[in-house]
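J.: Protein chains in written order, with the working numbering: chain Y, 6 to 656; chain C, 43 to 301; chain W, 380 to 612.
Calculated directly from the structure, the hints in this document are not laboratory data.
In this text, a Cβ means the ideal position worked out from N, Cα and C, and glycines have one as well.
Honestly, I wouldn't trust all of these hints.
If you only want the chain C side, here are some residues facing chain Y, beta carbon under 7 Å, derived [unchecked claim]:
1) 122
2) 132
3) 138
4) 140
5) 141
6) 151
7) 152
8) 159
9) 162
10) 163
11) 165
12) 170
Chain by chain, the residues run as shown.
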Amino acid sequence: MFELIGISPTLLFGQLLIGLINGVFYAMMSLGVAIIFGMLRIGNFVHGAQYMLGAFGAWYLLHLPDFFPGLGLPSLGYWWALAIVPFFVALIGAGMERLFIRRVYDLEHAYGLLLTVGLAMVIEGLFNVAYGAGGQQYAIPDSLKGGVNLGFMFLPIYRLWVIVAGILVCFATWFVIERTKLGAYLRAATENPDLVRAFGINVPRMLMLTYAFGVGLAGLAGVMAAPIYQVSPQMGQAFIITIFAVVVIGGMGSIFGAIATGLMLGLIEGLTKVFWPQAAATVIFVIMAIVLVLRPAGLFGKETVAYHGSDISAARPGSILENGRLWLIVFAVAGTILPFFVYPVFGMKILCLALFACAYNLIFGYVGLLAFGHAAFYGASAYVAAHSAAVLGLPTELAILSGVAMATAIGALFGWLAIRRQGLYFAMITLALAQIVYFYAIQASWTHGEDGIQSVPRGRLFGLVDLNDTMNMYFFVLAVFLIGFAAIYRIVRSPFGQVLKSIRENEQRAVSLGYSTDRFKLIAFTLSAGLAGLAGGTKAIVFQIASLADLYFMTSADALLMTLIGGVGTLLGPVVGAIVVVTMQTQFATLGAWVIVVQGSTFVLCVLFLRKGIVGTFEDFLASREERRRRQAAKVEPAASAGLSAKGLHG
Amino acid sequence: MSAAPAADDWIVEASGLSKRFSGFAAVSDVDLQVRRHSIHALIGPNGAGKTTVFNLITKFLAPSAGRILYNGEDITGESPARVARRGIVRSFQISAIFPRMSVADNVRIALQRPLGTSFHFWKSQCTLDSLRQRVDELLDAVGLVDQREQPAAGLPYGRKRALEFATTLALQPELMLLDEPTSGLGHEDVDRIAELIRKVSANRTILMVEHNLSVVARLADTITVLARGRVLAEGPYDRISADPRVIEAYIGGADDQRA
Amino acid sequence: MTSALEIAELHGWYGDSKALHGMEFEIGRGEVVTLLGRNGAGKTTTLRAIMGLLRKKSGQIRFRGEDIAGRMPEYVARRGIAYCPEERGIFSSLTVEENLLLPPVVAEGGLPLADILDLFPNLAERRASQGTKLSGGEQQMLAIARILRTGATLLLLDEPTEGLAPVIVRQIGTVIARLKERGFTVLLVEQNFRFAARLADRHYIVEHGRVVDRIAANDVAGSLDRIEAYLKV
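Required output: the full structure, derived from the provided sequences and hints.
T.: Set out below in structure tokens:
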């Protein structure tokens with residue numbers, strides 16, 4: 006039968022086995038993410054790093070004598086690791102909840118995601134510093150070596166063990182949550198935490214333990230994965246994005262759903278490897294897209310659509326900092342004299358990233374949608390522009406425009422898929438969709454894999470101006486930035502922008518006034534994607550390269566970081582943020598692997614202490630100064646009634 | 043345009059309307075007919091399903107069963123934004139304003155829709171300046187014209203409700219649904235809103251949920267009393283207020299005393 | 380009679396809007412006391428303040444002599460106050476039985492499960508069904524039933540008769556009377572005055588976040604006009 010379709014049974018069953026193993030890991034991981042999301046409303050992006058901690062924990066225990074030579078410690082093997090490490094990782098999780106995550110419960114979902122992204126960068130960055138990108142080997146324990154010959158295939162015992170143990174763990178978790186008293190507390194607190202507290206249950210402690218439990222599950226998966234995959238700092242990084250996609254496919258609110266979806270997707274992925282190997286890396290994300298169209302709440306989801314935007318704008322209407330005409334002139338002047346003080350290349354980097362961040366701010370700051378996949382638009386445009394210029398020989402301006410066209414098209418498609426969902430889901434979906442583009446670029450031939458498209462000619466602008474001249478190039482980029490900045494200012498200050506603002510402030514009311522808000526959001530998203538593409542295409546010409554880094558999710562994180570540092574929803578924030586981030590990256594370039602740690606810490610510190618960003622904080626200062634002046638003026642005029650009220654009754 | 047027979051000129055005809063939430067019937071089998079150009083009040087004790095009926099008519103909730111006709115057309119399957127564009131505009135129980143937009147911009151956002159330029163992201167918002175006079179007229183009607191440049195968030199509660207009212211009115215709705223327009227207001231504001239409702243009710247139909255019975259008595263032509271998700275009684279105020287079933291629903295039945 | 384709960388000078392806020400303006404009243408041990416008033420008068424807010432669910436507040440809340448005003452809800456519950464919210468708060472992801480057994484026992488002296496099922500026979504029959512699949516009346520009974528087990532001595536009931544059929548209202552009335560016999564102290568928030576009149580030792584009329592009138596049970600007959608004036612608009 007198998008020969009009929011030209012597939013050998015060994016290959017088929019081999020891949021199914023690998024698929025099943027992956028599925029077990031998907032199930033264990035998405036279970037943890039789903040429990041944490043359900044209870045704490047936190048999109049635990051650091052889950053991948055916690056999984057990596059589990060694997061490294063096992064590896065450490067094995068090498069105890071090497072790390073502490075004088076102490077005469079024994080080398081603890083796999084079974085010890087299985088017993089100790091998950092507990093230890095859970096403990097670290099509890100500490101993280103206590104120190105960081107607890108502080109963002111009452112804030113918009115966006116901050117929880119940003120915080121965990123930052124924590125993941127710090128942890129993974131630190132391990133990268135210590136161990137480099139290379140992997141460590143972890144041997145299969147002696148007791149689980151060998152295999153069984155089933156006739157049609159060879160089944161390694163360790164893999165069998167992982168499948169059985171993993172499914173048992175998932176089932177046990179399901180049992181605890183759905184069938185025990187402890188689980189009843191958990192389910193009740195997911196629905197109505199206040200009432201559960203009013204029954205005398207210490208919900209904050211329960212939240213901490215839940216988080217620790219989810220994290221411990223990731224640690225356990227890490228230990229189990231150590232002998233199969235390489236133990237490396239990056240092992241959890243891309244994994245977490247897949248896990249987010251699995252959670253979106255499964256839908257919220259069903260423990261069983263998370264387990265079944267994980268296993269099923271692992272198998273489907275395995276089958277895809279047999280029948281269409283090129284698609285294996287993206288099949289889960291493609292399934293996610295299909296599920297979103299057919300069943301937006303996910304296969305097992307119960308969640309219903311609620312109107313919710315995250316209004317985290319730090320802008321103050323009418324402030325001088327929001328006067329785009331003024332700042333356009335300031336930027337034009339400052340941009341003109343800048344290359345005489347700093348390297349033009351440095352200036353161009355700032356301009357490209359500032360435009361990218363401004364484009365991102367259009368959707369995150371002005372519409373309140375937490376997009377997390379803008380790397381797709383930036384990178385896709387970079388590749389298309391590079392290809393157009395280098396291979397097709399298009400003139401520079403057309404090369405960039407073709408990049409913009411591609412970014413806009415992808416933006417419209419992704420937006421259409423994602424726009425129906427809000428909050429954290431929107432972030433997870435855009436992140437996962439962007440991953441499709443990333444994997445495509447790894448595999449397609451015209452993108453040249455790891456090398457990217459190099460030596461892109463800068464060409465002549467309109468056939469006249471030679472862009473190989475650095476100053477010419479610089480002023481071209483400055484012009485592109487100013488045009489992009491002006492366009493965004495116009496969009497925000499248009500009749501359309503007014504509606505966007507009203508959607509951000511109160512979507513339900515905007516609907517009741519007759520606005521089909523999804524269409525407005527989709528157009529804004531597409532515009533944002535197109536402008537991100539303008540930044541990406543220009544960047545490809547300036548630096549003469551389009552590479553995988555442009556498409557990697559860290560680029561999306563950069564856009565977020567720049568916007569956040571500068572001030573979400575402010576006109577100047579993204580520009581200020583780009584200056585800070587680019588300067589930081591340049592200054593710390595000598596630190597090598599530490600850059601990512603520094604950047605992650607910046608994320609964490611911003612979320613904890615500088616939520617309004619630099620511009621937003623300055624805006625607060627201006628506002629309170631204005632308020633003081635007004636009060637003083639009021640005090641002078643009606644001298645009588647001023648006495649009490651001027652003291653301020655802010656309770 | 044030839045209108046339907048005048049005697050029974052219903053603007054809204056809802057029949058067999060039901061809504062269940064995970065097993066709990068919030069509204070069951072409600073028939074509601076609203077006469078054109080009348081003020082129709084929906085009253086009833088807490089939890090009677092009044093707001094649910096509102097949400098069903100404005101499509102913010104999909105009915106589990108039943109049919110809604112608006113001007114004789116079936117609107118049961120339409121989106122809330124589509125229904126709003128047909129001329130059914132609602133207010134909300136908790137004041138629905140755009141807090142960080144100025145008072146004037148709150149009203150203008152409603153006025154700009156009929157201009158048809160709301161998707162024009164390339165135009166300057168200066169093109170909306172022509173609406174200024176209408177904005178001021180509407181703000182004047184609710185006594186907010188002096189605060190026009192203030193951010194809406196800073197208004198006292200009663201003034202926020204007034205702003206919401208002005209925004210709703212800006213759309214010139216054919217049918218205006220007001221969800222507890224006077225709740226949480228002081229006496230002075232209640233009078234002002236009640237007077238406004240009477241003023242704008244000319245050539246317009248108003249369906250309102252209201253707890254303040256004196257307002258209902260003053261304004262409503264027809265009253266529908268809901269209790270436990272069903273229609274308990276319907277008629278003018280005098281008849282309703284004398285109905286023993288209504289009195290029972292409100293302050294507890296004579297029946298209870300015997301028990 | 381020793382006092383179970385004394386509230387003095389209680390002010391409370393939801394965000395920037397003030398909901399309680401100097402609430403004052405007291406309940407003796409074993410009494411049933413009602414807070415009557417219109418929608419939005421501040422009755423539910425008072426209960427939430429007592430439970431510690433309303434954070435922004437000032438003033439005193441003394442429970443058996445101890446000031447609990449600054450305490451977290453879980454502490455208040457463990458001292459022996461139980462809360463049945465207006466929206467009932469039945470958990471849809473829990474079965475009837477799980478809902479019933481959810482609140483932990485905080486002290487001795489709670490009703491044994493058998494007695495509870497005796498009071499609410501419907502619940503025994505529907506043990507295994509999903510909590511929110513019950514009818515409105517059954518959900519209300521479940522919401523009351525589940526706080527009787529815990530050993531709490533003061534019960535806060537927020538509009539237990541809201542939206543229920545008269546026969547069920549009567550049944551709930553019977554239950555509250557039985558609870559009083561057993562020595563529970565009950566603070567009842569009601570709009571249904573006729574219902575409350577049969578049960579309570581005393582009524583406090585709440586308006587605009589404060590108590591504006593106090594009517595003892597034996598004065599009710601003579602004060603009907605006054606009460607109706609408060610409750611009707």
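J.: Taking the hints in turn, state whether each one holds.
T.: Status of each hint after checking the structure:
{"no.": "1", "hint": "122", "in the structure": "5 Å, holds"}
{"no.": "2", "hint": "132", "in the structure": "5 Å, holds"}
{"no.": "3", "hint": "138", "in the structure": "4 Å, holds"}
{"no.": "4", "hint": "140", "in the structure": "4 Å, holds"}
{"no.": "5", "hint": "141", "in the structure": "6 Å, holds"}
{"no.": "6", "hint": "151", "in the structure": "5 Å, holds"}
{"no.": "7", "hint": "152", "in the structure": "5 Å, holds"}
{"no.": "8", "hint": "159", "in the structure": "5 Å, holds"}
{"no.": "9", "hint": "162", "in the structure": "6 Å, holds"}
{"no.": "10", "hint": "163", "in the structure": "4 Å, holds"}
{"no.": "11", "hint": "165", "in the structure": "5 Å, holds"}
{"no.": "12", "hint": "170", "in the structure": "6 Å, holds"}
Comparing the model with each numbered hint stated earlier shows that all of them hold.
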